[in-house]
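Enquirer: Protein chains in written order, with my numbering: chain U, 1 to 435; chain S, 1 to 149; chain V, 1 to 245.
Hints in this document: simulated from the structure, not taken from any laboratory.
Among the hints, erroneous ones may be present.
Said to hold, decoys possible - Okay, derived cross-link-like pairs now, DSS-like style, lysine-lysine, Cα gap no bigger than 30 Å in a straight line:
#1 U:Lys34 to U:Lys67
#2 U:Lys67 to U:Lys426
#3 U:Lys426 to U:Lys411
#4 S:Lys93 to S:Lys58
#5 U:Lys399 to U:Lys67
#6 U:Lys399 to S:Lys58
#7 U:Lys416 to U:Lys399
#8 S:Lys93 to U:Lys416
#9 V:Lys231 to U:Lys67
#10 U:Lys426 to U:Lys416
#11 U:Lys426 to S:Lys17
#12 U:Lys416 to S:Lys58
#13 U:Lys426 to U:Lys399
#14 U:Lys411 to S:Lys93
#15 V:Lys231 to U:Lys34
#16 U:Lys399 to U:Lys411
#17 U:Lys416 to S:Lys17
Claimed, not checked - Rough simulated footprint, nothing fancy, chain V against chain U, three-plus residues with beta-carbon under 8 Å:
#18 21-31
#19 53-66
#20 161-173
The structure presented is a predicted model; accordingly, all values stated were derived computationally and were not measured.
Where a beta carbon is used, it is the ideal one built from N, C-alpha and C, also for glycine.
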Amino acid sequence: MAAIYNPRYETIAREELQQLQLERLQATINRCYKNVPFYRRRLEALGMEPEDFQSLDDLRQLPFTTKQDLRDSYPYDLVALPLREVVRFHLSSGTTGSPTVIAYTANDLAHWTELVARNLVAGEITREDVVQIFFGYGLFSGGFGLHQGAEAIGASVLPVSEAELPQQVKIMQDFRSTALIGMPSYALAIAEAMEAAGVDANSLSLRVGLFGAEPWSEERRQAIEERLHIRAYDIYGLSEMGGPGVSGECPERCGLHLAEDHYLVEVVDPATGEPLPEGEEGELVFTTLTKEALPLLRYRSGDLSALDSAPCACGRTVARMRRVCCRTDDMVIIHGINVFPADVATVLASFPEVSEHFQLVVEQVGVLDELEVRVELAPQFFSDTIRGLEGLEQEIADKIRANLGVGVAVKLVEPKTIERSIGKAKRVLDLRDKE
Amino acid sequence: MAATRIVQQVSIFLENKSGRLAEVCTTLGAHDINIRALCIADTSDFGILRLIVNDPAKAASVLQQAGFSVGQTSVIALQIPDRPGGLGGVLEKLEAVGINVEYMYAFFVRREGDAVVLFRVADDVLESTIRLLQEANVPILSAEDVYAL
Amino acid sequence: MSLLLTLSGVNTFYDRLHVLKGASLHVNEGEIVALLGANGAGKTTTLRTVCGLLRPASGQVSFAGQSIVGRSPEALVRLGITQVPEGRQIFGPLSVQDNLLLGAYGRGRRAQRTEVPGDLARVFELFPVLAERRHERGGSLSGGQQQMLAMGRALMARPRLLLLDEPCLGLAPLVARQIMETIVALRAQGTTILLVEQNARAALRIADRGYVMETGKVVLEGTSEELVRNKDVRRAYLGKDYDEV
Chain U
1 MAAIYNPRYE
11 TIAREELQQL
21 QLERLQATIN
31 RCYKNVPFYR
41 RRLEALGMEP
51 EDFQSLDDLR
61 QLPFTTKQDL
71 RDSYPYDLVA
81 LPLREVVRFH
91 LSSGTTGSPT
101 VIAYTANDLA
111 HWTELVARNL
121 VAGEITREDV
131 VQIFFGYGLF
141 SGGFGLHQGA
151 EAIGASVLPV
161 SEAELPQQVK
171 IMQDFRSTAL
181 IGMPSYALAI
191 AEAMEAAGVD
201 ANSLSLRVGL
211 FGAEPWSEER
221 RQAIEERLHI
231 RAYDIYGLSE
241 MGGPGVSGEC
251 PERCGLHLAE
261 DHYLVEVVDP
271 ATGEPLPEGE
281 EGELVFTTLT
291 KEALPLLRYR
301 SGDLSALDSA
311 PCACGRTVAR
321 MRRVCCRTDD
331 MVIIHGINVF
341 PADVATVLAS
351 FPEVSEHFQL
361 VVEQVGVLDE
371 LEVRVELAPQ
381 FFSDTIRGLE
391 GLEQEIADKI
401 RANLGVGVAV
411 KLVEPKTIER
421 SIGKAKRVLD
431 LRDKE
Chain S
1 MAATRIVQQV
11 SIFLENKSGR
21 LAEVCTTLGA
31 HDINIRALCI
41 ADTSDFGILR
51 LIVNDPAKAA
61 SVLQQAGFSV
71 GQTSVIALQI
81 PDRPGGLGGV
91 LEKLEAVGIN
101 VEYMYAFFVR
111 REGDAVVLFR
121 VADDVLESTI
131 RLLQEANVPI
141 LSAEDVYAL
Chain V
1 MSLLLTLSGV
11 NTFYDRLHVL
21 KGASLHVNEG
31 EIVALLGANG
41 AGKTTTLRTV
51 CGLLRPASGQ
61 VSFAGQSIVG
71 RSPEALVRLG
81 ITQVPEGRQI
91 FGPLSVQDNL
101 LLGAYGRGRR
111 AQRTEVPGDL
121 ARVFELFPVL
131 AERRHERGGS
141 LSGGQQQMLA
151 MGRALMARPR
161 LLLLDEPCLG
171 LAPLVARQIM
181 ETIVALRAQG
191 TTILLVEQNA
201 RAALRIADRG
211 YVMETGKVVL
221 EGTSEELVRN
231 KDVRRAYLGK
241 DYDEV
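For reference, chain U alone in the conformation it holds in the complex (with noise of 0.2 Å):
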């Protein structure tokens, strides 16, 4: 059998399991109830109490937590405890005009540190490895948590970071290492610029690779698999929930097996927010169990999944989540930062020179994704020169990259020529391979 991190909680009795959830979604529950302000208004509103829950599906009768919620919460009313008493924040990707704040006490970051460590076990990393992570290391929880986890096994850690690609080529040559740690478009970057270099993947001492923090699809992994010469597995995780180490692959890559002692996992109906039997595809809604400083119920993750609570041949007994590849809404990942088109909204809007119809359109140049904001030109404003209006254009994406921190193109469109569309206006066009 293949190596597990905490054979006492990967491999346990899933009706050892489901007492230990119950323990744990009371506590929280409590807890929750008596110290963060958000929910106890929300209980109180419902006219309910903690000890109305006292099974697992009495957590049903809860309401969803959103990202909205997060948003207008900024930046205390989810927390759990005063912020002296947090040892670490780190802060979701994206805006800096509503950013979401997470909070971990020393035991959060004990547990966060703990569930990453399963995943790179289960992705064949040991402690014999020379881990190099190219995740971001700031208040991106991806570098750090992978590095904790990385170091907590007792593997050699590369912190690169987000190292300029000559550089991630050399380190991997002079130090050779064994795994790779980051980003999936990034690690095909990574191959492009070795190739480029005339560096023979044979010549490396590549092993293996976990990606995340974007959707990927089998093709991209094909292609890392191929082009880097290692085995990939997928990781997941979302800042909300602290981070990596919510799910991961194991060796047999029939899904990613879910932390099920720290995260209740449910699958809804995107549009009626009611459960879906198991194997149905839905949006994964994530309840913290054991988390401290920032417990939360019912959180909508916006991506889509579905599960399986059979027995892996690996041996774990915790469910696995089929690799999420599509979301509910129209956020998408570019660069690993998370792009509302709300976001896009809000930057456009203070352009007079452009109506409020845009589209945003994701295509797959070479190895990254990029992102084209297409805007349509107002019906009375323009300038009468090609200059003016790139200028315009490198304007507007000038400002989208200071607000929301990713570097896009612009293109003027006429007006009327973006679909409108009743109700929600679907925002997005996206033109990669889905798999």
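Chain U is already provided as a structure; the job is to place chains S and V on it using the hints.
Expert: Just chains S and V, lined up with the frame of chain U:
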């Protein structure tokens, strides 16, 4: 009277898709608007179509209603002798005093055997450009003349 | 590791007073689990619900895979659950030895002949001071010795699960430490222990896991390391100053 020396050019934003230009012409034609001169400046993504028509205000309104992004820009129409150096001479005079010509283009038809060329300079030097050219005895057409060409 | 005891959504009332509000917890075989909380939090009520002295109004209690709701305390002793109640409650007029033998009362006649003498010897081995005083009146023992006697008596029932309610209450620190060491020795021998103890520091030192209760509900669950690291626990139960924490 410098005011009528300023000609209103109609500028239209067009994406680089086939048929857009034809649609402009058809729309104008349907409203009895004649195109007197035109020029297109383009990039790979979009272009700016500049037109001199017989009724710029009506053209702008009609095109806007048809869903185009339209504006009006002030240009000057000069009568240039049709011989080598004719245009050069005018440009030299402007350059000598630091007036930048952003773009220019010619009319289809001639006037008294001479070419008619439209010049675009920045709005803030429009008046001084007109004065300079008048002092140099370069014939400037009036707006009405231009529309009626 | 297997589940020995589970409580799921247990509600217990004293008359109309709702004391346990949907409490859930579990104890695995071979563990020491601590129940922490202020007075009135529901800890003793939990123990009394488990050993059958109180019947839950709703919820599940299972022991070794079977539901035990509604079973009498004597039946539960025979199944393997024994409680050492708060305040010891030994029989003062009886000798130490007789107190101990009483603990084996529920076991069958054959056991009385074949197993009980051996068990008695083992209790005396665990608590030498009881051996020295085996014929003295129980009431003449010191507080610490009476606690040992109460525990020894409970052990005579050969429990699989031992419920201890405030074993260190009113005892000098040195004696309390001895009691705690004994509890650890019991675990080593295979006894599973659910421990209610006001002295949270001492309890967490020997427990594998713990639950913190407040007003009849569990608010925190974790390993003893996790509980010790938790700021609220440190402040409320480990006596750390606000400045220190």
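Enquirer: Quick check: the region 21-31 of chain U, covered by chain V? Criterion 3+ residues, Cβ under 8 Å.
Expert: holds (count 7)
Enquirer: For the pair supplied as a hint, lysine 426 of chain U and lysine 17 of chain S, confirm whether the alpha-carbon distance does not exceed 30 Å.
Expert: holds, 23 Å
Enquirer: Would you mind confirming whether the straight-line C-alpha gap from lysine 231 of chain V to lysine 67 of chain U stays at or under 30 Å?
Expert: holds, 28 Å
Enquirer: Is the Cα-Cα distance between lysine 426 of chain U and lysine 416 of chain U 30 Å or less?
Expert: Holds - the C-alpha atoms of lysine 416 of chain U and lysine 426 of chain U are around 15 Å apart, at most 30 Å.
Enquirer: Three or more residues of the region 53-66 of chain U near chain V by CB distance under 8 Å?
Expert: holds (count 3)
Enquirer: Can you confirm whether the C-alpha distance between lysine 416 of chain U and lysine 399 of chain U stays at or below 30 Å?
Expert: holds, 24 Å
Enquirer: Within the region 161-173 of chain U, is the number of residues with a Cβ closer than 8 Å to a Cβ of chain V three or more?
Expert: Coverage by chain V is violated here, the residue count being 0 at a Cβ distance below 8 Å.
Enquirer: When you check the alpha-carbon spacing of lysine 416 of chain U and lysine 58 of chain S, does it fall within 30 Å?
Expert: Holds, at roughly 21 Å.
Enquirer: So if I understand the rule, the pair passes when the alpha-carbon distance is 30 Å or less; does lysine 93 of chain S with lysine 58 of chain S pass?
Expert: violated, 35 Å
Enquirer: Would the hint linking lysine 399 of chain U and lysine 67 of chain U be met if the CA-CA limit is 30 Å?
Expert: holds, 23 Å
Enquirer: Check whether the Cα positions of lysine 93 of chain S and lysine 416 of chain U lie no farther apart than 30 Å.
Expert: violated, 44 Å
Enquirer: Between lysine 399 of chain U and lysine 58 of chain S, does the CA-CA distance stay at or below 30 Å?
Expert: violated, 36 Å
The structure shown violates the earlier hints numbered 4, 6, 8, 14, 20.
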